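> Let the sequences and hints guide you as you build the complete structure.
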Amino acid sequence: MAHLLIRFTQSPYSNTKSQDGLDFALAATNYGHNVKVLFENQGVLQLVKAASMEGLKNHTKRLASMPFFDIEECFVCKTSSDLYNVESTLANTDLSEELDCQWITSEEKLSLIQSVDHVVTF
Amino acid sequence: MAEYSILITSSPFQGDTALRALAFVQGVIDNGDVINNIFFYSDGVHHTNNLMLNTGDELFALDSWKALANTHNVKLLVCITAAVKRGIVSELEAKENGLAHANLTAPFEQAGLGAFFTALHKCNRLVQF
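Going down the list, the protein sequences come from chains A and B. My numbering numbers the first residue of the first sequence as 1 and each following residue consecutively. My numbering numbers the first residue of the second sequence as 1 and each following residue consecutively.
Source of the hints: derived by calculation from the structure; they are not laboratory data. Hints should not be assumed to be uniformly reliable.
Stated by the list, open to error - As a list, the in silico BS3-like pairs of lysine-lysine whose alpha-carbon atoms are at most 25 Å apart:
1) A/LYS61 - B/LYS122
2) A/LYS78 - A/LYS17
3) A/LYS36 - B/LYS122
4) A/LYS36 - A/LYS17
5) A/LYS36 - A/LYS78
6) A/LYS36 - A/LYS109
7) B/LYS85 - A/LYS57
8) A/LYS57 - A/LYS109
9) B/LYS85 - A/LYS17
10) B/LYS85 - B/LYS66
11) A/LYS36 - A/LYS61
Since the structure is predicted, the reported quantities are computational estimates derived from the model, not experimental observations.
Right under this line is the structure:
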């Protein structure tokens, strides 16, 4: 079993990376790996709830399914959420509660990266 | 001896990424370490489209991947879901869906994320480009 850190760094709908990254994370736990996720840079915007649109997969809804796939450890970069001014928005949404998100500093990010075997960035 | 899994998520047109990936893989082999597999995922599947033509004035990664597979027997796995939605299909899908052409052939092999993660259990390094 490998310990993986999946970094989400892109806004939810700017390209397919967010969707591909989530599929990647969910598949990893299905095959016996341990997964932690980190939202940083524009990736913090993935946690802002958006209305569903026909023909487009609702990314925040899909993210909410992570605990059912044994992805229990979710981290949010504090510097990024300050930069995009979303900390209070995120703190008040159900999603960050459902995912039990922890806000971490740059130093904590480094020790998080050191604590895993592999880091994959989307 | 280290065993590597290589994950390609960038398209062939993304700066010097393909150059760096190929140089890295060659370096691992020269070093006597093992490449378990190279897995093309997300926009990385564009690397495997064999309807691309060589324009001659820049790296043509498709030929380099093929050469790598033929010379060193490196396994080239392509995520089937990511590929078909980007129009990269094998003979079988082309036939089943009434498409005029297939553009995915050997040495590239179709696989799922499951194959990648199963192989990852054996690898001590994972490098993404």
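> Now tell me if each hint is right for this structure.
Cross-check of the supplied hints:
1. A/LYS61 - B/LYS122: This hinted pair is violated, its Cα atoms lying about 33 Å apart.
2. A/LYS78 - A/LYS17: 21 Å, holds
3. A/LYS36 - B/LYS122: Within the cut-off at roughly 20 Å; holds.
4. A/LYS36 - A/LYS17: 17 Å, holds
5. A/LYS36 - A/LYS78: Cα-Cα ~17 Å, so holds.
6. A/LYS36 - A/LYS109: 12 Å, holds
7. B/LYS85 - A/LYS57: 15 Å, holds
8. A/LYS57 - A/LYS109: 29 Å, violated
9. B/LYS85 - A/LYS17: 14 Å, holds
10. B/LYS85 - B/LYS66: Given that 25 Å is the threshold and the Cα spacing comes to 23 Å, the pair holds.
11. A/LYS36 - A/LYS61: 18 Å, holds
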